[in-house]
Amino acid sequence: MADEVIVLTGIKETLDALKEFDKDAVKRFNKVINNELRGAERDAKGLISEDPPMSGWRKADAAKGRTRGGAGWPGWNAGEIKSKITKTKAQGKVRGDYTTSAGALLNKSAAGAIFETAGRKTQAGFGGGSGAQFLRTIGNRFGKASRVVWRVVDKDRARIEENVAHALEQAKADLQKHLNKERA
Amino acid sequence: MAVGAVVARILTQYSDKGSKAASKDIGKLGKSFDAFAKKSAKAFGVAALAAAAFAVKIGKDAVEAAVADQKSQALLANSLRNTVGATDDAIAGVERHITALQKQFSVADDELRPAFGRLAAAFNSTTAAQEAMQIALNVSAFASVDLATASDAIIKASQGQYKAITKLVPGIGAATLATKDFGKITDKVSKLTGGAAATRAETLEGKMMGLKLAFGEVMETLGYALLPVMEKFATLVTTQLLPKIEAFVALNKDKLAAGFQVAAEMAFKLLTVAIAFSDWCANNMGIVKGMAALIVGMFAVGRIAAFVTAIGTITTAMALLRTTAIGTAIANAFATSGVSIALGAAALATVGLGAYTLNNMMKPEAVAGKKGISPRGNANNRDFSVDPYTPPVVKGLEDFTTGLNKSTKALKTAQTMQDKINAEAVRQNLARQKSLSGSTALAVGQGGKLYMPNSGVNVVVNNAGSVVSNEDLVTSIVNGIERTTRRSFGTVGAFDRL
Numbered sequence: 001m002a003d004e005v006i007v008l009t010g011i012k013e014t015l016d017a018l019k020e021f022d023k024d025a026v027k028r029f030n031k032v033i034n035n036e037l038r039g040a041e042r043d044a045k046g047l048i049s050e051d052p053p054m055s056g057w058r059k060a061d062a063a064k065g066r067t068r069g070g071a072g073w074p075g076w077n078a079g080e081i082k083s084k085i086t087k088t089k090a091q092g093k094v095r096g097d098y099t100t101s102a103g104a105l106l107n108k109s110a111a112g113a114i115f116e117t118a119g120r121k122t123q124a125g126f127g128g129g130s131g132a133q134f135l136r137t138i139g140n141r142f143g144k145a146s147r148v149v150w151r152v153v154d155k156d157r158a159r160i161e162e163n164v165a166h167a168l169e170q171a172k173a174d175l176q177k178h179l180n181k182e183r184a
Numbered sequence: 001m002a003v004g005a006v007v008a009r010i011l012t013q014y015s016d017k018g019s020k021a022a023s024k025d026i027g028k029l030g031k032s033f034d035a036f037a038k039k040s041a042k043a044f045g046v047a048a049l050a051a052a053a054f055a056v057k058i059g060k061d062a063v064e065a066a067v068a069d070q071k072s073q074a075l076l077a078n079s080l081r082n083t084v085g086a087t088d089d090a091i092a093g094v095e096r097h098i099t100a101l102q103k104q105f106s107v108a109d110d111e112l113r114p115a116f117g118r119l120a121a122a123f124n125s126t127t128a129a130q131e132a133m134q135i136a137l138n139v140s141a142f143a144s145v146d147l148a149t150a151s152d153a154i155i156k157a158s159q160g161q162y163k164a165i166t167k168l169v170p171g172i173g174a175a176t177l178a179t180k181d182f183g184k185i186t187d188k189v190s191k192l193t194g195g196a197a198a199t200r201a202e203t204l205e206g207k208m209m210g211l212k213l214a215f216g217e218v219m220e221t222l223g224y225a226l227l228p229v230m231e232k233f234a235t236l237v238t239t240q241l242l243p244k245i246e247a248f249v250a251l252n253k254d255k256l257a258a259g260f261q262v263a264a265e266m267a268f269k270l271l272t273v274a275i276a277f278s279d280w281c282a283n284n285m286g287i288v289k290g291m292a293a294l295i296v297g298m299f300a301v302g303r304i305a306a307f308v309t310a311i312g313t314i315t316t317a318m319a320l321l322r323t324t325a326i327g328t329a330i331a332n333a334f335a336t337s338g339v340s341i342a343l344g345a346a347a348l349a350t351v352g353l354g355a356y357t358l359n360n361m362m363k364p365e366a367v368a369g370k371k372g373i374s375p376r377g378n379a380n381n382r383d384f385s386v387d388p389y390t391p392p393v394v395k396g397l398e399d400f401t402t403g404l405n406k407s408t409k410a411l412k413t414a415q416t417m418q419d420k421i422n423a424e425a426v427r428q429n430l431a432r433q434k435s436l437s438g439s440t441a442l443a444v445g446q447g448g449k450l451y452m453p454n455s456g457v458n459v460v461v462n463n464a465g466s467v468v469s470n471e472d473l474v475t476s477i478v479n480g481i482e483r484t485t486r487r488s489f490g491t492v493g494a495f496d497r498l
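Heads up: the protein sequence lines correspond to chains R and P, in order.
Just so you know, we're using my numbering here: the first sequence kicks off at 1 and counts up by one.
Just so you know, we're using my numbering here: the second sequence kicks off at 1 and counts up by one.
Don't take each hint at face value.
Derived lysine to any residue pairs resembling SDA-like cross-links, with alpha carbons at most 25 Å apart [claimed, not checked]: (1) R:Lys172 - P:Tyr14; (2) R:Lys172 - P:Thr12; (3) R:Lys12 - P:Val7; (4) R:Lys144 - P:Gly183; (5) R:Lys155 - P:Thr12; (6) R:Lys45 - P:Val7; (7) R:Lys84 - P:Thr12; (8) R:Lys155 - P:Tyr14; (9) R:Lys19 - R:Lys89; (10) P:Lys184 - P:Glu202; (11) R:Lys155 - P:Gly4; (12) R:Lys93 - P:Thr413; (13) R:Lys64 - R:Leu135; (14) P:Lys191 - P:Thr221; (15) R:Lys12 - R:Glu169; (16) R:Lys87 - P:Gly4; (17) R:Lys108 - R:Ser146; (18) R:Lys87 - P:Tyr14; (19) R:Lys12 - R:Ser146; (20) R:Lys19 - R:Ala165; (21) R:Lys87 - R:Lys64; (22) R:Lys89 - R:Leu135; (23) R:Lys31 - P:Thr221; (24) R:Lys177 - P:Lys244; (25) R:Lys31 - R:Ala165; (26) R:Lys108 - P:Val7; (27) R:Lys93 - R:Glu13; (28) R:Lys45 - R:Ala90; (29) R:Lys12 - R:Ala90; (30) R:Lys23 - P:Thr203; (31) R:Lys59 - P:Tyr14; (32) R:Lys177 - R:Gly10.
In silico contact screen, one side only, chain P against chain R (beta carbon under 8 Å); selected entries [to be verified]: (33) Ala8; (34) Arg9; (35) Ala201.
It should be emphasised that the hints constitute simulated quantities derived from the structure, not laboratory data.
Glycine is no exception: its CB is placed at the ideal position from the N, C-alpha and C atoms.
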């Protein structure tokens, strides 16, 4: 995960105001965001293999769940995992630093979430038990946690932010131009 | 956004949603701080007052300590100048020495200076005095006496009087004393008492004394800082304030005296009246209670004053009715105002209570056996005259009552006249009926039955159907009569005989 993020300001306000003057400019801005998110989504889905990451990871859900709070270990269904990797522009909960999401990738499936985050909190080799070997293996094969959507975001965030910020500046410039024209 | 999903933010934007809440919270916090500030200001105000008072106390003590210290220094300096011809530098050196002794042995400089002064005078040297002072300090600690006693004993010893020193330091020995050598004697004394002062300074008592002295030094230092201020203040008071006060008093002494006299007289009068009034209240508690009831009643009457105004309107209307109409109209109007009359009665009762109380108060004879209103409790001396109280509402109610009585009287008159009219009408009707007796009389009853007086012809009108007009009724009657005459006389037209 990246430690630094660029906080964009005035997206909603700019677009709301710009909508009054130039709807095409709004569309252009949205197109930039959608393209970037779509590309990230595509890249994230590309990280999901058809075969399970490990041989013992069955493709079907556990018939009788005893783990994960009784839900059982989720099967590796590549289609479901991919379908549940989506993009969103919805505003999430406002954090304590007064920021919220303007664009994000979601990994909503249970198997996808396990593959994404396994070993983030519990390091392989600690605690023993059946999970230790799983964590070691998945770590050895696919690297540390953040293996799907976060990997893509970490890889492409700078480029995406730059492109979106540029588009936003363009939108602001368009808005200013319209405002100046209106004032004149 | 999905719940439970792994969310990887790509774009982050600023939202003022939380900041508004935070701003609101900060606003509340600010208010809380304001409230706290106000409260704490009060609390700190109290503390500040206490601190100010304490500061004044400290300042006072500091100035006093500084003054005492200054006096002590001045005396020592004067003594040294007079006895050993000490220069200012020498005096300053002595002061430094005394300060060092004070810190080292926890002995107050106020105690050191007089002793040093006497020693210097006795030995005619500040250096010798310093050495003797060291011995005296040890003797003082050894014998648990004050420094003045120890130093005096040393001075006496230097003059050949050994009783005091042997009393304080018993182990000097007769042989040493017999030598009458002050050097040997002091050496012996130093040997016996050496280190006593330092040892005493290391004890708890000595340390406490050292602490006290250190605090005293601080106070003196503070006092020295305050002294110029105090001097300036004293100068200001002396040179500016007091002369102006004196000038003011000189110019206005007569007026001031007269004013004080008037104020005193007024105060005396006020006090006399206050005492007399309280005395009157105590002696006339019944009247006081009556006044209270009257005041309460006046409030109640005030509330119904508007209603009484309405009563006045009703009274006027009824008076008009009395003069313009007689009979059921008045009776109906009277009946519909029954509720108002009841309320009016309540108002009357309320006012009556107040009036009754007032009358009791206004009539000395009504409160027989009790004292009247007097500031001095004297029934014959009515300094507190009170005008009779006649509120407007009383007059309105009186008018209402008068109108009501007149209306009632008029109603009775109307009823009497109506009775007379009815009686006359009945009488005239009977007379007419009597005049008609002996001829055919008509009366219409239900079912066609007609009951007539005993004499004359009985005519039965067959009008089983509804009679729609007088003409129909007359036609029916004529036809009936004709039938009757045909049966009686056998011919048509006999009706003309009637």
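Verification of the hints:
1. R:Lys172 - P:Tyr14: The hint holds at about 16 Å.
2. R:Lys172 - P:Thr12: This hinted pair holds, its Cα atoms lying about 17 Å apart.
3. R:Lys12 - P:Val7: 21 Å, holds
4. R:Lys144 - P:Gly183: 95 Å, violated
5. R:Lys155 - P:Thr12: 16 Å, holds
6. R:Lys45 - P:Val7: Measuring from Cα to Cα gives roughly 14 Å; hence the hint holds.
7. R:Lys84 - P:Thr12: Roughly 22 Å between the alpha carbons, so the hint for R:Lys84 and P:Thr12 holds.
8. R:Lys155 - P:Tyr14: Since the Cα atoms of R:Lys155 and P:Tyr14 sit roughly 23 Å apart, the hinted pair holds (cutoff 25 Å).
9. R:Lys19 - R:Lys89: Holds - the C-alpha atoms of R:Lys89 and R:Lys19 are around 18 Å apart, at most 25 Å.
10. P:Lys184 - P:Glu202: With Cα atoms ~29 Å apart, P:Lys184 and P:Glu202 exceed 25 Å; violated.
11. R:Lys155 - P:Gly4: 23 Å, holds
12. R:Lys93 - P:Thr413: 92 Å, violated
13. R:Lys64 - R:Leu135: Cα-Cα ~23 Å, so holds.
14. P:Lys191 - P:Thr221: Not satisfied, since the Cα-Cα distance of roughly 37 Å exceeds 25 Å.
15. R:Lys12 - R:Glu169: At roughly 13 Å apart (the allowed maximum being 25 Å), R:Glu169 and R:Lys12 satisfy the hint.
16. R:Lys87 - P:Gly4: 15 Å, holds
17. R:Lys108 - R:Ser146: 14 Å, holds
18. R:Lys87 - P:Tyr14: Judged against 25 Å, a Cα distance of about 19 Å means the pair holds.
19. R:Lys12 - R:Ser146: 30 Å, violated
20. R:Lys19 - R:Ala165: 18 Å, holds
21. R:Lys87 - R:Lys64: Violated - the C-alpha atoms of R:Lys64 and R:Lys87 are around 32 Å apart, more than 25 Å.
22. R:Lys89 - R:Leu135: 32 Å, violated
23. R:Lys31 - P:Thr221: Distance ~80 Å between R:Lys31 and P:Thr221 Cα, so the pair is violated.
24. R:Lys177 - P:Lys244: Status violated; Cα separation ~78 Å.
25. R:Lys31 - R:Ala165: 13 Å, holds
26. R:Lys108 - P:Val7: Judged against 25 Å, a Cα distance of about 8 Å means the pair holds.
27. R:Lys93 - R:Glu13: 18 Å, holds
28. R:Lys45 - R:Ala90: 20 Å, holds
29. R:Lys12 - R:Ala90: 12 Å, holds
30. R:Lys23 - P:Thr203: 93 Å, violated
31. R:Lys59 - P:Tyr14: With Cα atoms ~41 Å apart, R:Lys59 and P:Tyr14 exceed 25 Å; violated.
32. R:Lys177 - R:Gly10: Holds, at roughly 16 Å.
33. Ala8: 4 Å, holds
34. Arg9: 5 Å, holds
35. Ala201: Not OK, violated: P:Ala201 not within 8 Å of chain R, min 62 Å.
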